[in-house]
Structures are given as structure tokens and as C-alpha cells.
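With the hints as extra help, turn the sequences into a complete structure.
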Amino acid sequence: MEGLDDKLILNVGGMRHETYISTVRAFPGTRLYKLTEPPPPGSPAAQGPPVREFFFDRNPELFSYVLGYYRTRQLHCPNDVCRDVLEEELAYWGLAEAPLAPCCWLKLSGRETRTQDFLSWEACENANLDERLLLNPMEGQGLRNAWKPWLWVLLDQPQSSLGAKCLSLISTLFAVCALVIFFQETEVQLDYFSANFTPMGHGVGVGGSQQQQQQQQNNGLVYRRAPHLLYLELLCSLWFGTELFARAISCPDKVRFLCSPLNLADIFCLFPVLVELVVGDKAERQPRLSLTLGAIRSLYVLKLVRLLGFLEKSLALRVLVHTLHSSWKEVCAFLLIWVAEILFFGSLFLYGELLGMSAPGQSELHFGDIFTCLWWTVITLTTVGYGDVYPLSAMGQLTAAVTATVGMCTGVLLVPVLLVRFQRYYAVALARQKLRPSGIL
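First residue of the sequence shown: 1, per UniProt numbering; consecutive thereafter.
In case anyone wonders, no lab produced these hints; they're calculated from the structure. Please note that a few of the clues may not be correct.
[What the hints assert, rightly or not] Taking lysine-lysine pairs in the DSSO-like style, the calculated list, with each CA pair at most 30 Å apart, reads:
| hint | residue 1 | residue 2 |
| --- | --- | --- |
| 1 | Lys165 | Lys254 |
| 2 | Lys34 | Lys7 |
| 3 | Lys148 | Lys7 |
| 4 | Lys329 | Lys254 |
| 5 | Lys165 | Lys148 |
Computed from a predicted model, the values in this text were never measured in an experiment.
This is the structure:
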């Protein structure tokens, strides 16, 4: 048993701690270890009696955990300690690399994750606040530009006033009218193409001479569109163009406006009717052009997304958008895994079928290239299974079974990540929403 002379008294922040010298010598190179080293020969400290008491102006509560680490080799921490404060205290005592005990590490990691979630959600809310602040008229800008924020709020925020609601309702009616015209146009196109063209599908073909003969018969056919549909669509396009121009000149951030998918869709929606007006009757003799313009007209459906402006943006919807935005790395990793599976199992299916077809008694191949095998892989991984392509050999059937199993396992990888992150962000958003009215945040 050690004597009294082997004890050391440490006064930290007014709290005295008494321990053995052998205890503080457990970790060489630390600040407490240096206290036990003999002073240099010839120094004043070497000539006098040995010093057994030292004072440190540090946190006495955290030092008790530091001293406990010397005694038990297990570093613990208080429940309410800040991670940065703990790291600073450990660095002062020369224990920056000391590992935390698993129990305390989990507690600190959980609090750190919640802090990061809070800061991430706070940054998202501040970004939205900065966007709203851009709408406020700046001092000294004069009457020349004072109308822009008013016009932007009128067009972009239907809940701001009665006039904004009426204007948004009119835009919605024009969008519905454009959709009705689009649906009516699809009926005319379907009737025309079903009557004048033979469908080409997997396993169904037309011989070369027969196809040429049919093409010669179709050269004189004309696709007729009702003129009133074009004029009505032109009226809708004029409204869409006027609204788009007003939003563009009043938008506070032109770059963000041009990068918005909805705004890009509004721009493309103006092209079909303009192209038909420029081309005129020639468009009726070019079925491929009519189909291309019809595909662009399908963007009219995106205009109905603006109906969400009538509703107050719910907290859950904002949290969902932020969750997807903050999970882009996980989404990209998931897509890379998915692409790798498609390429791997598509190639495996191709050579499995080729090896199976080389055996006697097997029928001919029912696919012509590897892209058909990649298509089969996609519909198998997603467990859709249209049945247009299916394995015939034993090797191909084994590949199909493995592909379907892997597809079901891969499909659920991203869901828990998004779900857990959504729950964390939603809890932070609820806490922030509850604390804001009381002035805490």
C-alpha cells in the first residue's frame, strides 16, 4: 500500500481531488503525467520540497470524469454535456484521442444527430425566409420597380389576396381547358393511326414488300384536325405566355426561375401550337410531327400542380421535400446499385439463354439483342413481369428467380433510410413550430 507521500492533491476550479501518483502516471505524455516527472536539476523546484498540490482553473465536473478515466480506463461523460466542450476539456488534459465508453458515445451521437437535423432544417427554413425577403420592396428603389414584388406575390402566392385567388383560378380553368383539348386530340390521333397503320410489336411484324405497299397506300392519307381545337388551344397558349412573361419580369431571382422544372414545362407548352401555326397544313401530312407535338402537349398536366398553391403548404409536405433533398447521396447510391444489377443480370440472362438454347430440343431465341435482355431485367427487378420476354432454358429460369429475389431485397433498401430521416426531421420541425410562438426560436 502506498504511503501519504505518494498522494497528489489536484484543486480544479475550487474542488479538491486527491489521488495516487501511480494513478496519474497511467497515460504518459498527458498533463497530469507531467506533474509527476522530477523537475530539472538546478531549478528552484528541485531544491525545495516536492510539490504535492496543484491548482487548475478548469471545469471541476468534467475533471471528475477525466480522473475517473485514469482510474478505470473507461471515459464517461455527463448526460447534458456539449460535445465541443468535452472535446476541448479532453484536449487540455492531453486526452484528445481518448475513446468514449460505448454508452456515452451513443448518447452523444444521438444528440449530435439531432443537432445536425435541427441545423439542416433551420438552414432550409432560413433559405425559404430569404426567398420571401427578396419579395419585399427595397428602400429607395422608387416607384419604377415597386410593382414587381406586388406582381410576383399576385402570381406566385394564391393565398396572399382575393385577387391572387381569382387569378390562380382563371389560370387553372385555362389549364383544364388545354387538357380537354389535348384529350380530344388524342382520340382523333388514335382513330387516324389505328385505321391507317399496322401496329408493330414484339413478335408481330410486317414483311418488307407488304410494309412498302402499305406505306404507298398511306402516302395520300391526311390527318385532319378540327380547326376550332387549334384556335381554342391558341387562346390558352396566349394566356399561358402572358402569365409566364409576367412571372419572368417580376421574379426576384431570374436564375432560379429559369431552373424551375414547372417554369421550363410552361415554356415548352408554348411550342406545339406555335409550330402548327407556322407549319400550317403541312403538319397534317407528317404523322411523326403530330405525335411529337402531342407528346409535348402532355406537359399540360404539370400545370395542375399549381393547384397546390390554393392549399397552405403543410409541415409534412415541407419535411418530405427537405428529406428528399438531403438524401440525394443515398438516392444516387441506390440508383448506381440498380444500374449495376440491371447490367449484371441482363448479361447473365443473355448468356444463360444462349447456353440453354445450345442444348438439343430447345426452341429458337425470342430476343434479338442485349437491350431486350436489359428490358427483361428491369421488369423482373421491379417484379412487374409483363410476360413479353421470359426465360425458356433452365439456366435462364434460375437467373430469373435470382433476379426477382434480388429486386425485392434491393427495392426496400431506400425506404427505411427515407423513413427514419423523415421521422427525425418531422420531430425537429414540430419542436421548432411549437417553440416559435413562445419566442424561444
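Could you check the structure against the hints above and give me the numbers of any it violates, in ascending order? 3
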